[in-house]
Structures are given as structure tokens and as C-alpha cells.
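Engineer: Okay, here's what each chain looks like letter by letter:
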Amino acid sequence: MLSYLVRRIVGGITVLAFVSIFVFGLFFVIPADPARLACGKSCTPELMAEIRHGLELDQPLQVQYFRFVKGIFFGRTYLPGTEAALHCTAPCLGYSYQTDELVTNLLKDRVPATLSIAIGASILWVLIGLSSGILSALRRGTWIDKFSQGFALAGASLQIYFVGLVLQFIFVDKLAWFHAPGYVSPFEDPKEWALEMILPWLTLGFLLSAIYARLTRAGMIEVMSEDYIRTARAKGLSNRTIKFKHVLRAALTPIVTVFGLDLGGLLGGAVITEYVFNIPGLGKLATEAVTNVDLPIIVGTVLLAAVFIVVANILVDLLYMVLDPKVRLS
Amino acid sequence: MSEPILKVKDFTVEFWVDGVWYPAAINMNFQIAPGEVLAIVGESGSGKSTTGMGLMSLLATNARMTGSVQVKGHEMIGAKPSVLRKYRGKEVAYIFQEPMTALNPVYTIGFQIVETLRTHFDMGPNQAKDRAIELLTLVDIPNPAGSFNKYPHQLSGGQRQRAMIAQALACDPGLLVADEPTTALDVTVQAEILDLMRGLKDKLNSAILLITHDMGVVADMADEILVMKDGLTVEHGTADEIFNRPSHPYTKELLGAVPKLGSSVKRILKADPSKGSAPVLNLENVTIEYPKRGRIPAFTAVKEFNLQIFPGEIVGLVGESGSGKTTVGRAAIGLLPIKAGKIEIVGTDISHATQKDLFAIRRHTGIVFQDPASSLNPRLPIGESIGEPIFLAGIAKGEALNKKIEDLLDQVELPRSYRNRYPHELSGGQRQRIGIARALALTPDLLIADEPTSALDVSVQARFLDLLQDLQDKLKFACLFISHDLAVVDILTHRIAVMQDGRLVEVGERDQILKHAKDPYTQRLIAAVPVPNPAEQKIRREARLAAIKK
Chain A
1 MLSYLVRRIV
11 GGITVLAFVS
21 IFVFGLFFVI
31 PADPARLACG
41 KSCTPELMAE
51 IRHGLELDQP
61 LQVQYFRFVK
71 GIFFGRTYLP
81 GTEAALHCTA
91 PCLGYSYQTD
101 ELVTNLLKDR
111 VPATLSIAIG
121 ASILWVLIGL
131 SSGILSALRR
141 GTWIDKFSQG
151 FALAGASLQI
161 YFVGLVLQFI
171 FVDKLAWFHA
181 PGYVSPFEDP
191 KEWALEMILP
201 WLTLGFLLSA
211 IYARLTRAGM
221 IEVMSEDYIR
231 TARAKGLSNR
241 TIKFKHVLRA
251 ALTPIVTVFG
261 LDLGGLLGGA
271 VITEYVFNIP
281 GLGKLATEAV
291 TNVDLPIIVG
301 TVLLAAVFIV
311 VANILVDLLY
321 MVLDPKVRLS
Chain B
331 MSEPILKVKD
341 FTVEFWVDGV
351 WYPAAINMNF
361 QIAPGEVLAI
371 VGESGSGKST
381 TGMGLMSLLA
391 TNARMTGSVQ
401 VKGHEMIGAK
411 PSVLRKYRGK
421 EVAYIFQEPM
431 TALNPVYTIG
441 FQIVETLRTH
451 FDMGPNQAKD
461 RAIELLTLVD
471 IPNPAGSFNK
481 YPHQLSGGQR
491 QRAMIAQALA
501 CDPGLLVADE
511 PTTALDVTVQ
521 AEILDLMRGL
531 KDKLNSAILL
541 ITHDMGVVAD
551 MADEILVMKD
561 GLTVEHGTAD
571 EIFNRPSHPY
581 TKELLGAVPK
591 LGSSVKRILK
601 ADPSKGSAPV
611 LNLENVTIEY
621 PKRGRIPAFT
631 AVKEFNLQIF
641 PGEIVGLVGE
651 SGSGKTTVGR
661 AAIGLLPIKA
671 GKIEIVGTDI
681 SHATQKDLFA
691 IRRHTGIVFQ
701 DPASSLNPRL
711 PIGESIGEPI
721 FLAGIAKGEA
731 LNKKIEDLLD
741 QVELPRSYRN
751 RYPHELSGGQ
761 RQRIGIARAL
771 ALTPDLLIAD
781 EPTSALDVSV
791 QARFLDLLQD
801 LQDKLKFACL
811 FISHDLAVVD
821 ILTHRIAVMQ
831 DGRLVEVGER
841 DQILKHAKDP
851 YTQRLIAAVP
861 VPNPAEQKIR
871 REARLAAIKK
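Just so you know, the protein sequences line up as chains A and B, in that order.
Start counting the first sequence at 1; every next residue gets the next number (this note's numbering).
Start counting the second sequence at 331; every next residue gets the next number (this note's numbering).
Treat the hints as calculated values from the structure; they're not laboratory data.
Hints may be right or wrong, so weigh each one.
Said to hold, decoys possible - Capping the alpha-carbon separation at 20 Å, the derived lysine to any residue pairs in SDA-like fashion look like this:
| hint | chain 1 | residue 1 | chain 2 | residue 2 |
| --- | --- | --- | --- | --- |
| 1 | A | Lys245 | B | Val790 |
| 2 | B | Lys420 | A | Glu188 |
| 3 | A | Lys243 | B | Val790 |
| 4 | B | Lys410 | A | Val310 |
| 5 | A | Lys245 | B | Met430 |
| 6 | B | Lys410 | A | Arg240 |
| 7 | B | Lys420 | A | Arg8 |
| 8 | B | Lys590 | B | Val790 |
| 9 | A | Lys326 | B | Gln484 |
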């Protein structure tokens with residue numbers, strides 16, 4: 001069990017190392033010169049050389065990479081010994097010349113908003129998805145099933161920017177139940193935080209619950225025809241025990257996999273959602289960085305997203321061990 | 331005779347399918363007293379399982395039960411679900427066929443037994459655990475306290491079935507419904523489980539409703555027998571009456587179709603294996619290993635295996651599941667690589683053959699698989715399935731190919747018009763005929779038949795074996811016939827090879843193996859096969875138990 005966990009973590013770290021090498025390679029292969037981009041309009045050759053030195057672009061690529069990795073673990077100082085010396089504490093993910101900020105600080109600003117969206121929405125979509133899937137499976141063929149399947153199909157076929165705008169029009173502009181989406185720290189004003197976040201939650205929850213509803217329904221219906229469910233009935237168990245302890249339990253395993261991937265992906269930045277609702281999250285930061293070819297920020301966001309996905313996957317594997325004894329014991 | 335536990339009167343089960351009620355079991359009448367075993371026998375689709383499940387309303391929601399089913403005097407038909415639940419598991423407990431799928435894979439067997447106990451009795455967790463361990467001890471599971479925490483996949487097939495029985499016995503039920511309880515098990519394990527059930531029945535004085543297609547099992551267990559066909563009770567009588575004086579033609583037919591081990595009326599094997607010539611298949615010191623996968627270590631499935639098959643000869647390969655017989659069959663035609671040793675087919679060494687070499691070899695070999703339903707492509711009409719090997723070998727196409735396909739269908743005694751049908755439109759027996767037609771399409775020198783009859787009913791099996799024999803007479807191919815069923819091997823083969831744990835235990839002429847086996851393993855295997863004759867089976871059983879005690 002412990003060795004399994006260690007192996008999974010080592011594997012995750014390997015993945016992250018490869019991702020970091022790969023994104024870092026961007027500096028080398030991209031046609032645009034990062035120093036030129038950072039230099040701005042009133043650029044002189046001297047200034048270019050200075051920036052190049054400051055960005056350490058005059059060093060060989062492997063040295064740059066090594067310093068970058070070292071910075072993540074031990075922090076680093078840019079332009080040491082000069083008056084422009086800038087210390088960046090670990091985990092240091094680089095320095096964005098265009099915005100004149102440390103990437104780590106930029107990310108720190110943006111993570112809470114994305115985290116708020118992802119966690120709130122995931123709770124909502126699991127609740128909606130599982131309950132409508134369970135209801136469908138238990139009342140197969142009835143109008144409840146048909147309605148919930150239709151609901152799921154609508155969710156699967158609509159787009160965030162459409163649903164998001166429609167909901168915003170209804171609940172914010174017309175009914176004024178919720179506030180215009182945005183981000184306020186929940187530690188400063190929890191009520192305002194919730195009122196501004198509720199629309200993104202509802203939108204994502206509605207759209208993403210579709211796949212969960214379908215997976216739950218299909219899984220439960222499949223498990224219900226298993227021999228061991230017949231055994232459970234023959235034992236005299238009540239319907240409730242059979243449905244929840246035996247059927248749902250077995251149907252949960254594939255759902256956990258999808259959930260881990262979805263949540264990991266969303267934590268890396270809900271790009272469209274953040275755009276539609278104008279929320280300053282990681283996704284928005286990443287797209288802006290791409291537009292401006294701000295490489296240090298791109299590297300930072302990609303790495304952070306990779307960390308989220310790797311961690312989510314390790315958590316899924318751990319959950320799998322709990323849910324499926326065959327995985328645990330083999 | 332004491333008061334019966336179960337009284338079934340005019341019991342009918344119907345299924346609502348596409349707007350019509352289809353009867354599955356019609357006007358059943360029987361009763362069982364404590365300590366008695368009633369066997370319901372019949373072929374698949376006869377309604378025997380439906381009857382068993384219908385007693386406690388365990389069928390799907392499209393089923394309708396009418397008539398009367400009384401358990402200890404209480405009516406079950408039309409009873410409220412809450413009442414039914416009280417009787418299920420407590421008064422009437424079930425044992426199902428495949429304990430791997432009938433036990434929930436994500437819970438320990440201990441948990442599942444405790445769940446049964448606590449559903450019916452007001453018991454604390456510790457008390458229930460003690461009782462569960464007591465039950466596991468009762469069914470002779472090794473290390474009961476340790477097995478309590480094991481998951482079904484960690485136990486062997488026989489142990490799983492013992493756990494299933496322990497669960498069924500949890501509440502001291504008056505009636506055990508055993509639906510094909512030993513069908514998925516090896517003969518030796520089957521004999522142990524039947525012994526266990528017999529012992530428990532005597533100890534607990536419970537009644538057993540045994541549902542099975544295996545006449546040997548019936549002869550071993552039943553006091554009374556009810557024969558079913560197409561939902562109707564064909565004959566009902568004591569074991570002695572049914573086996574020794576069957577009155578209904580169907581009962582006679584059913585008993586006649588059962589292959590009997592070492593019976594006096596035996597077909598004379600017409601084909602004369604030409605021993606003098608070179609073997610068609612030659613396996614010399616063959617070792618086959620399944621390579622290491624991740625942390626699962628490499629597994630040697632077959633060790634230093636030697637066997638020759640000569641032209642026109644049928645050799646039976648028998649052994650329990652996991653003994654490596656299928657592995658040998660697959661390797662023999664180059665479907666699996668071998669680790670050491672030598673395999674020759676028709677004089678060609680294929681031990682280290684490339685895919686291309688094997689392509690040529692496969693024109694001389696054919697294989698019939700166990701499950702005809704899954705070994706035929708469901709999206710191809712059967713004519714194409716049969717014609718494919720001929721077409722791929724470039725032997726015939728167009729009109730000539732059509733002619734060949736028709737000839738092959740004639741050979742396996744299926745109408746030519748069937749060529750445009752799909753596998754799901756055929757019965758199991760017909761599908762297996764297609765499997766053999768495909769295997770014989772290139773008139774191979776060697777046919778590998780891997781448990782071709784184990785998915786078939788006895789009467790269908792008997793016809794299939796006849797056909798295989800006729801074809802072999804005509805075409806004179808050599809055949810490696812892999813089976814766990816000694817009686818089938820007895821009918822068909824010239825020589826028998828016995829395998830255990832990847833090793834060849836014994837090989838010899840059929841009669842020599844079946845009547846004068848030298849190896850104790852072979853002797854045990856033969857002794858474990860139940861014969862469809864209650865009196866004889868009783869003698870065999872006692873002899874076997876005496877041998878084990880020694």
C-alpha cells in the first residue's frame with residue numbers, strides 16, 4: 001500500500017519533470033525573441049542586451065533550465081550584485097518582464113478565484129449528476145427518467161458561453177437575485193463571494209453534471225443485472241440497502257476516474273468560464289499570457305496546471321484502492 | 331414423513347414480452363420435507379431456474395407468478411415485499427451457480443455473511459462475526475478467521491462456493507435452493523461440494539431444492555426428481571423410478587444422451603490411427619511461460635510436456651481448470667510462443683517460427699473454441715465466417731467459394747440457406763457446428779477442439795459428438811480434444827492424456843486410462859465423476875470417501 005503510494009508519487013514527479021522540460025523548451029523553439037518582446041517600443045540595442053542578461057537568455061539553455069528548477073526548490077535572485085537585484089523566494093517560477101512581476105505572485109493572486117470556481121462547481125455537479133443519475137436508474141422508463149435524461153442531454157450539448165450569458169441575463173439583470181460575477185475573497189466578505197460565484201457554479205454544475213448523470217445511470221443499470229445483486233435480493237436485504245450498498249458502490253468506480261480528470265483540468269484554469277464571467281483566475285491569466293507571448297507566465301501556468309492534474313490523478317488512484325479491493329490487493 | 335417445508339401448487343410463471351404473456355413454467359406441483367432433496371432437471375430453457383427463482387419472487391419485474399407457494403404454511407404468492415424479504419434468506423436461502431459473480435466483489439465474504447445475519451437477526455457486529463466464523467468453519471474453509479476478511483477473488487472456486495453456502499446457511503433456513511451449484515466447478519471440487527451439502531443437510535435437517543442439468547449430480551444427491559421440458563413437468567418420481575423405470579420418452583431420451591463413463595454400450599472407434607507413420611503433432615519437452623506483467627511474476631503454465639498425435643487419431647487432453655490444457659492447445663498451433671522444447675506440426679518445426687511461417691502452417695490446422703457465441707464474429711453472416719479461411723488461403727473465390735461453403739454446411743448438416751444468417755440467429759448447437767465447419771474449411775491435418783461441448787446441453791452435445799465422429803471418419807484428421815469431461819473424452823478418443831499443474835501425469839490408450847489408471851491423480855479424477863445411476867453412484871461415492879480417508 002505504502003510502496004504503491006510512493007511509486008505513484010515518483011511517477012507523478014517524473015511526469016512533472018518532463019512537462020517542465022517540454023514547456024521550458026518553448027524558450028528555445030519559439031520564433032519570437034523573449035528579450036525583444038520584453039523590451040517594448042522604445043528599445044535600444046543596449047537595453048536589449050541588458051534585458052537579455054537580466055533574463056539570463058545569454059546563458060545556455062540547460063543552465064537556464066537548471067537555474068529555473070533550482071529556483072522552484074530554493075528560490076533565486078535575479079541580477080545579483082546590481083541595484084536592480086530582485087529576490088524571488090521558493091517556489092520561484094520565474095519573472096515576467098512584460099508585467100514586471102514575479103510569476104509566483106501572479107499565480108498566487110489568481111489561484112483563489114479558480115479554486116473557488118472549481119471546488120464549488122464540482123460539489124454541485126457531483127450532487128446534481130449523481131442524484132439525477134440514481135433517480136433515472138431507479139425509475140427507469142418513467143417520466144422522471146426521461147426528464148432527467150433530457151436535462152442531461154441539454155447539458156451535454158449546450159455551451160458555457162451560451163448558458164452563462166442566458167443565466168446572467170435572467171438572474172442578474174432581470175431578477176437581480178445574484179450579483180454580477182466576479183471575485184471577492186471569502187475571508188473578507190463570504191456573502192458577497194458566494195453571491196458573485198453562484199452563477200459560474202450553476203453554469204458549470206449544470207453543464208458538467210450531464211456526463212455524471214449518464215455514467216451513474218448506465219453504471220447502476222449494468223450493476224443491477226449482476227448476479228451478486230440477485231444474491232443480495234435472495235438474502236432478504238431491503239431495496240434501499242441493495243441499491244445504495246451494493247449497486248451504487250460498484251457503479252461509483254468509473255465516476256471517480258472521470259471526476260479526478262475533470263477537477264484536475266478545471267483547477268488548471270476554467271478558461272471559458274473565467275472569460276464569460278470576467279473572473280480573474282488562472283485560465284484568464286494563461287490566455288492573456290499567450291496573447292502577449294509572456295513566456296515565463298505560460299511556463300508557470302502550464303506547470304501549475306500539470307501539478308493539479310497529477311495530484312488529482314494520484315488522489316483518484318488512492319480512492320480506487322479504497323473502492324476496489326482487486327486494485328488494492330494485486 | 332414430517333410436514334413439508336415447501337408446498338407448491340399449480341404454480342405458473344409467465345413473462346410479459348412485447349405485449350404477450352409467455353409461460354416459462356406451467357402448473358408446477360411439488361413439495362419438499364425436511365432432510366429431503368428434490369431435483370429439478372431439464373435442459374437450458376426448460377424453466378427449471380425460473381421455477382426456483384419464482385418461488386421467492388426473485389424474477390425480473392416483467393414476470394407474473396400465479397398458483398400457490400407455501401413456505402412453512404405461509405403463502406408467498408402475492409405476499410407483500412416486506413413479508414417476502416423476511417422469508418428470503420431466513421427460511422429459503424439460495425446458492426447460485428458461479429460464486430465469482432454471485433458474491434459481491436467489493437466486499438469481504440465475512441461482511442456479506444454478517445450482512446445476511448444482521449438483516450434477519452437483532453445481532454451486534456461482534457456476535458455476527460463470531461457466528462460467521464462459526465459458519466465458515468462449518469463449511470470447512472481453511473483458516474476460517476482469516477478467510478473472514480478475504481475478498482471473493484482471493485479464494486479458489488471451491489472455497490468461494492463454500493463461502494456462498496456458509497452465507498446461505500447463516501440463518502438456518504428450512505429450505506436451500508441450489509441452482510446449478512457445482513456447474514462451474516471441477517469434478518473433484520464438485521464431489522467435495524456435494525459431499526458438504528449432503529453432510530450439512532443431514533446435520534441441519536434442511537430440505538434442498540436442487541436445480542441442475544447434470545444427471546450425475548442428480549443421481550448423487552436426489553431423493554425425488556422432477557423432469558422439466560419447455561416449462562412443463564414431464565415426469566415426477568423418486569430417484570429410483572426416474573433412473574431405473576423412466577416412463578416418459580423425453581426422460582428416456584435425456585438419460586440416453588448422458589455420456590456414461592466406461593459404459594458397456596460404446597461406439598466402436600472406426601478410424602484406425604496409423605501409428606507407424608510420422609506424428610501430425612509432436613510436442614517435445616514443451617515449456618510455456620506467461621511472461622511477467624508489471625509486478626505479477628512470470629507464470630509457467632506448462633512444464634516439459636511431451637505428446638504425439640498420429641494421423642487419424644483423436645487424443646483427449648483432460649485436467650482440471652488451471653492445469654494448462656488450453657495453453658497446450660493454443661501453443662500446438664502456434665497461437666502462443668513456447669519458452670523451451672520443440673513443437674512440430676506435420677513435420678515442420680514451429681518452435682521458433684515467424685508470423686509468416688505460421689501463416690503457412692495454419693492451413694494445416696483448425697481450431698474449435700469453447701464458446702461458439704463469442705468465437706464467431708457477430709457482424710458476419712456465417713457463410714462468410716466459414717468461407718474466410720478458404721478465401722484468405724487463396725484457394726477459391728467467387729462461385730467456387732460459394733460451392734465450398736455449401737459443401738461445408740452440408741457436411742455439418744445445416745441447411746444451405748443458413749449461410750446468410752448471423753450467429754445470434756442460431757442456437758448454441760448450430761453455432762458450434764459453424765465453428766467446426768470453419769475449422770475444417772481448409773481440410774486440416776490437425777484439429778484442436780478446446781472444450782467444444784461444455785457450453786451445450788446434453789442432448790445437443792450428444793448430437794455434436796456424433797457429428798464430429800462422422801466427420802473424423804470421413805476426413806481422417808488428427809484431433810486434440812481438450813475437455814474437463816471424462817465421459818465425453820471416453821466416447822470420442824483413442825488415447826487420453828491427463829494433465830495436472832502444467833505437467834503430463836499420464837498418457838495411454840483410452841480403456842487403460844479409464845479402467846486401469848496408474849497415477850493416483852487420474853484415479854481420483856475418475857472417481858470424482860458422478861455417474862447417472864443412484865445405486866452405482868452410492869457405491870462409487872463410498873469407495874471414493876474411503877479412499878480419501880486412507
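Engineer: Given the hinted pair Lys326 of chain A and Gln484 of chain B, is their alpha-carbon gap at most 20 Å?
Structural biologist: holds, 9 Å
Engineer: Run the distance test for Lys245 of chain A versus Val790 of chain B: straight-line Cα separation, threshold 20 Å.
Structural biologist: violated, 41 Å
Engineer: Against the 20 Å threshold, does the CA-CA distance of Lys245 of chain A and Met430 of chain B hold or violate the hint?
Structural biologist: This hinted pair holds, its Cα atoms lying about 19 Å apart.
Engineer: Taking only the CA atoms, is the gap from Lys410 of chain B to Arg240 of chain A under or equal to 20 Å?
Structural biologist: holds, 16 Å
Engineer: Does Val310 of chain A lie within 20 Å of Lys410 of chain B when you go C-alpha to C-alpha?
Structural biologist: At roughly 52 Å apart (the allowed maximum being 20 Å), Val310 of chain A and Lys410 of chain B break the hint.
Engineer: Keeping to a limit of 20 Å between CA atoms, is the pair of Lys590 of chain B and Val790 of chain B held or broken?
Structural biologist: Measuring from Cα to Cα gives roughly 15 Å; hence the hint holds.
Engineer: Is the Cα-Cα distance between Lys420 of chain B and Arg8 of chain A 20 Å or less?
Structural biologist: The hint is violated at about 46 Å.
Engineer: Would the hint linking Lys420 of chain B and Glu188 of chain A be met if the CA-CA limit is 20 Å?
Structural biologist: violated, 60 Å
Engineer: With the threshold set at 20 Å, check whether the alpha-carbon distance from Lys243 of chain A to Val790 of chain B stays at or below it.
Structural biologist: Violated - the C-alpha atoms of Val790 of chain B and Lys243 of chain A are around 39 Å apart, more than 20 Å.
Against the hints set out earlier in the document, violations occur for numbers 1, 2, 3, 4, 7.
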